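Asks: Here is what each chain is made of, one letter per residue.
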Amino acid sequence: MTNQTYPKNAWYVAAMSEEIGLEKPLGRKVCGERIAFYRPKPNEVAAVLDFCPHRGAALSLGYVEDGLLVCGYHGLKIGEDGKTKAMPLQRVQGFPCMKAYAVEELYGFIWVWPGDQSQADASLIPRLEWAESDDWAYGGGLYHIKCDYRLMIDNLMDLTHETYVHASSIGQKEIDESPVSTQSEGDEVITSRYMENIMAPPFWQAALRANGLADDVPVDRWQRCRFTPPSNVMIDVGVAHAGKGGYDAPKEFKASSIVVDFITPENDDTMWYFWGMARNFKADDEALTDSIREGQGGIFQEDLEVLEYQQVNLKAFPDYDLLKLNIDAGGVQSRRIIERLIRTEQDSSKLSKNGIVSDLKVEERPLQTISF
Amino acid sequence: MTNQTYPKNAWYVAAMSEEIGLEKPLGRKVCGERIAFYRPKPNEVAAVLDFCPHRGAALSLGYVEDGLLVCGYHGLKIGEDGKTKAMPLQRVQGFPCMKAYAVEELYGFIWVWPGDQSQADASLIPRLEWAESDDWAYGGGLYHIKCDYRLMIDNLMDLTHETYVHASSIGQKEIDESPVSTQSEGDEVITSRYMENIMAPPFWQAALRANGLADDVPVDRWQRCRFTPPSNVMIDVGVAHAGKGGYDAPKEFKASSIVVDFITPENDDTMWYFWGMARNFKADDEALTDSIREGQGGIFQEDLEVLEYQQVNLKAFPDYDLLKLNIDAGGVQSRRIIERLIRTEQDSSKLSKNGIVSDLKVEERPLQTISF
Amino acid sequence: MTNQTYPKNAWYVAAMSEEIGLEKPLGRKVCGERIAFYRPKPNEVAAVLDFCPHRGAALSLGYVEDGLLVCGYHGLKIGEDGKTKAMPLQRVQGFPCMKAYAVEELYGFIWVWPGDQSQADASLIPRLEWAESDDWAYGGGLYHIKCDYRLMIDNLMDLTHETYVHASSIGQKEIDESPVSTQSEGDEVITSRYMENIMAPPFWQAALRANGLADDVPVDRWQRCRFTPPSNVMIDVGVAHAGKGGYDAPKEFKASSIVVDFITPENDDTMWYFWGMARNFKADDEALTDSIREGQGGIFQEDLEVLEYQQVNLKAFPDYDLLKLNIDAGGVQSRRIIERLIRTEQDSSKLSKNGIVSDLKVEERPLQTISF
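Chains as they are written, first to last, in the numbering used here: chain A, 25 to 396; chain B, 25 to 396; chain C, 25 to 396.
Chain A extracted, bound-state conformation:
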């Protein structure tokens, strides 16, 4: 457990709502757990270990029938509690109960708690105000990236890289010429950078135009990256016509939005990246949502190559002490919080009665299996 890289007792975004069909489950690995997600009813979601208690087939290859997940191999039907409910010609009462996961659908995402189920508490899912208001629109996507999820946290908590990785869209020289400041409060870390009286880069020029504002005049630009555990980064970004108050300028002088990043470990060295943008202007303009999504998808794809090579390099030189400069403070402090959560989790696990933690939480041994 010493080298655990992520807390498991936490809510992670596992999928976008539209990824789970009415009949077709979704198999996805989160924090090392193979999980089959499915909809017992159209507006419900359930999550069980993606492993049929009968012969180990992947339940996610099956289908949903009468609220149960049917194994596509021999027809075993499992419920959202991990218990087998039926199987043709079999008495199933004694079948082992498989691990079931606390899972919630909220804000258009599927949230799962991969660790100790007794600690799952839906009220701990972060509240996203933009997702609850009609004044906001959201568009986003999903990338699979071959790197430790913490490299993505580092990436997002230091937007200096926009100057280089995203030079032609949101990057601009003034970013790395402006100092950042980082504060952490409780489990939250905020890194901010303010750039005054600069020209907007292409992405923000388009946003100004979309908002009916002149795009050829100086602006004040801001980036406020906010980390909350286990690995969510919300970034307030925007520009306002210069001298109108910047981040605090009235709505009619600015274009702003929230870059939404849910970062979910798949394994120690691969991750799911749910990226998106929430904006509180022209919320009804679906064409604009699509066009921003397309633009953002392209921009964020530029990070993939950098991160995957960085992962390869860090594996090759595991003992190298990376520099921790002021621009890295956001990532460094976020990682400290993660480490603290992992330690807490490991300590509580040691205290629990069940010293041997099995991935397959079998409640009872099968009574009904037949000997030959």
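These aren't lab readings, by the way, just hints derived from the structure by calculation.
Treat the hints with care, since some could be wrong.
Stated by the list, open to error - In silico DSS-like links for lysine-lysine, alpha-carbon gap of 25 Å or less:
hint	chain 1	residue 1	chain 2	residue 2
1	B	Lys-101	C	Lys-101
2	B	Lys-170	C	Lys-170
3	C	Lys-197	B	Lys-107
4	B	Lys-348	A	Lys-109
5	B	Lys-170	B	Lys-53
6	A	Lys-48	B	Lys-101
7	C	Lys-170	B	Lys-109
8	A	Lys-107	B	Lys-348
9	B	Lys-339	A	Lys-170
10	A	Lys-348	C	Lys-101
11	C	Lys-53	A	Lys-339
12	B	Lys-107	C	Lys-348
13	B	Lys-109	A	Lys-109
14	A	Lys-348	C	Lys-107
15	B	Lys-101	C	Lys-339
16	B	Lys-109	C	Lys-348
17	B	Lys-101	C	Lys-107
18	C	Lys-374	B	Lys-53
19	C	Lys-53	A	Lys-170
20	C	Lys-339	B	Lys-170
21	B	Lys-348	A	Lys-101
Since the model is a prediction, treat every value here as computed from it, not as a measurement.
Knowing the structure of chain A, use the given hints to seat chains B and C on it.
Replies: Below, chains B and C alone, put in the same frame as chain A:
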């Protein structure tokens, strides 16, 4: 040797006859042995370790000349006894003798004995009556599957899965509603299921029509899966118009065939699957053979994804005790026979003088190699 | 270090000159070292560890600006000495100094010294007379091959394989019917074969025609393979009209050239193969250069499959003693020289003060990193 998953002292199907050309050898790994198959003469077949004694090149990349396998690198010529017969400008008497394999061509298949060659006995190749009679036609194919070959035995010895995996072709609800019975006798295991007075599924409707029989009347359907070691599964399947005697009905009331499955381990976790169907009606109708082959190929491909995911799951949870239900009896009993054969093989190997078994059975050390 | 397969204190060809652009670096692994090659000025080349001292990003994904290599992640600028020269808003004096590599551009190739930099001496780069003379033309290419680089040395120091691998172009029966002789002198090994009064194979017929000579008369043909460490093989090849002196015939009776092979280990079991041909006739004919390059590229590609399978076979049977016949003398003697160089290197490494050799030669620890 403890974790050996297959017996090596047995006949396995290594290839279909047409895979080995007159000049072009075939390189294939069977039970962990890299083997070069070739034809010394048009109607003969030979098999030697796919490793040139000179510099280790793959002999299967070479060609056949005058009954010898010529290495495509430097022209060494090896015979079917594993002995080097010639090499330009070299005296080859002292070259090490490489492992040669007992190999037979029978019924349109190439059979190989990968283990102890002194025990190979061609009379142990199973007799296939359908392959010897003109009343029968056969068509089939080959798939490479990334799973332990025993998962395929389980699959075929429990046809309950047809209801689910093959729902649109040969599957039907009545299969998993009908009990199976399993007997084993000696090294043979038979699992049978009989379904009376049901409607035929699409595949069998077509077979009835092909046989000139009404396809819209109730039928009696049967499945008799027969395992013989090391890993052959022959399945008597068919339908007869209801009440005419089912499996024992006269020929004019039924459509029946034998599903032919030769299951050959490549390694511990990959396998070659030789599948096919033998039928004793319209044996001369080659177009029908082709159309059945195409249909069966599509049906059997549906199993691949299920088996490969199952393999991944079982690797992830190696300690999970799979359930052994009545429907699993066929697979369970077949595996017991396999385990017994492996134990016997290991015991006899311990008794043999040659305690250290080398994959490269070098008969004598080279006398003629030159020192520099 | 015992199993080291290549000397590291040697000049290896790492790239063709045209692979390194003016702004775009080249990332390439040589002898296990990840190296970023770039041009500080149009006619210069530099090489540093492909690892940004800041966060481990691959420097080769960045770009060149004002003679410095700029990391594409956060803008750190590194110099050809491995020292960080600048980074936006940072004082960089205390940043660790990364490994920089001796690198030279000569004869259209980029030469790198991957090992102990204190021993690098540009005068040790082999002199290639053909590359210095206007009477010669050169064309070549690069292949990545999944095999131990020494298998390629074996391949080139025994051209017997032309008869088999390259049967339709440069191979001919007379090759393996003619004896070879091998001498080694100092660090050089020469294997020669002379074939008298034979018909030229297709490739040489074309060369004769290109040279204005009859292609349908008997010729004397020669092959002189010359190995020099660490892994360069230059092969004098050619044909002269029979009886005119063969290798020593006057220019007007022959077509000859040098097959140029720079063999560079990437890792223990993969390699870069820089192949080409230098000819001293029609040196100005670029179309001829292109056509020879195309032909040679096709011929040399035939070796790839053979070598990659050979590698797989040798890994599977690591204890098999390969035969060492007279035709193998060139490779065997070349390997002895390589082994001697590796031993010398290891001994000198033991004597050096720095007992622990780190891949990351950090000269000084960062002074300026900030604690949080």
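Asks: Any hints from earlier that this structure breaks? Give me their numbers in increasing order, please.
Replies: 1, 6, 7, 13, 17 and 18
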